[in-house]
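Participant: Spelled out, the chains give:
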Amino acid sequence: MNVLRAWIEERLGLRAVTLFLEKKEVPRHKHTFLYYTGSSILLFLGIQIVTGVLLAFYYQPTLAEANASVVRIMTEMPLGWLVRSVHSWSATFMIALVFVHLLGIAFTKAYRKPREATWVTGVLLLGASLAFGFTGYLLPWDELSLAATKVGTNLPKALPVVGAWLTRVMRAGEDVTGDTVSRFFIFHVSVLPLAVMAFLGIHLFLVQRHGMSVPLEAERKGVKVPILPFWPNFAFREAGVWLVLLGLLMTIAVVAAPGIGPQADLMAPAPEGIKPEWYFLFMFQTLKLFPARVLGLNGELVAVLIMMAGMAALFLLPFIDNRPFARKGKVITVLAWAAFAYAVGMSIWSLL
Amino acid sequence: MKLPYSLFSRRAFLNSLIGGWLAALGAAFIGPLLKYIVPPTREPDQVSVPLADVKDMAPHTVKGFPWGNKPGLLKKTEEGDYIAFVGVCTHLDCNVKFVAEQRRFFCACHEGWYDENGLNVAGPPPAPLRRLAVSVEGEALIIKKQV
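Heads up: the protein sequence lines correspond to chains E and W, in order.
Using my numbering, read the first sequence as starting at 2 and increasing by one per residue.
Using my numbering, read the second sequence as starting at 3 and increasing by one per residue.
Treat the hints with care, since some could be wrong.
[Said to hold, decoys possible] Cross-link-like lysine-lysine pairs, in silico, PhoX-like; alpha carbons within 25 Å at most:
1. 31/E - 222/E
2. 158/E - 147/W
3. 147/W - 72/W
4. 72/W - 289/E
5. 158/E - 72/W
None of these hints come from the bench; they were simulated from the model.
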């Protein structure tokens, strides 16, 4: 055994990695629980990859077969209903944790110097996660997913110059058709996974390079924060969190397996009471309330521009909030809470 | 005139030469790629609906027909004429439906309403439903793009 270990060590030099992990420290304070969100996202990402590959064994991304193949997975394939249910619920868990991760970092201002690039790659990963959700929503090809995709892919059309072209690229043509299903599938299983691998690689590398951030107050006062060794103390705690989350996921997946609607019909009117996935509800409600014309401009264009400004502000937050200790930092905190309250409020309103 | 020293080094010259080369090559690939990812789609110039299919429609009723990949909606007016729309909401592209009791078109996605002539009357739609030109030719209704 030792001979084998020495043989591998000589060739790979993994000692550098284990030494690093032995010395890694996790600060201990009232927000330490936020450190668990990152690794929990990785847990659900892993589940998504495994169940996604399993679903792709039987799924067929064509106009004629998309809906029928999902029905077959759910009714004929052994435990197929469970695989799909876990994939669907794990997506929800993952996105929810991505939001908690993001909010935790935003409100503890952990993005401050020198962690700006970590934040930026994180926002790119958020975008990729939402794109995974959006493309995955179409694949069962039922009435709801058709209507949701028509709306989602129509949004960029309001933008000047590139808008119409972007919509055609997303839809693989002027309209949402069978070609859109094929295109969304390849985005879902190839383009986005490659993008996530790249961003996640940088993100994780930077997290290790900088170490865990300490609370703003402690940094300002120069207080020494008590620490917890990553190995084994923190890693074992993480394992406990994973176990609980896995138990929750499996329980929900078994008792609340998602159904599937009738096959999408390109000629049929949109079904009543359509709603997107919960994480798009605030945008959905905003679009519903936005008037057709605002100050003489196309209301849709205004809504899309506001959303894009919001995304840009989120992306550039570490550079906007470059003095987190000063008055400016406090103002930004208040604005961030207001934006958060808006998103939650709109989401709840859309459910009423 | 001979300069006593070179303005840029041999290394800088080669870097910009090869770098420029690679950039031009990359750009040359991007053009065709951008073209490839958008397939050609053309909406039909005209579709024909057999007159026999629509002759018995009552006034203020609507019948669907396929307008390319989109639903078309054919309506019979009080006077017995036919008017046609592309049955797609002008807000965000959802297919609309005709609510016969209210004689209005309804889009379920964001609750947009149009009157029976396709005029946007409530909710977020910014423009009326798109009209198509209808003419009777022999035993068929010919529905064309409106010019």
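Participant: Give a verdict on every hint.
Facilitator: We went through each hint and held it up to the structure:
Of the pairs offered as hints, the one joining residue 31/E and residue 222/E holds, with about 17 Å between alpha carbons and a cut-off of 25 Å not exceeded. At most 25 Å may separate the alpha-carbon atoms for a hinted pair to count; residue 158/E and residue 147/W meet this at roughly 21 Å. For a cut-off of 25 Å, the pair hint linking residue 147/W to residue 72/W stands: about 13 Å separates their Cα positions. Between residue 72/W and residue 289/E the alpha-carbon distance is near 23 Å, which keeps this suggested pair within the 25 Å criterion.
Annotation: proposed proximity of residue 158/E to residue 72/W holds, straight-line Cα distance about 17 Å (limit 25 Å).
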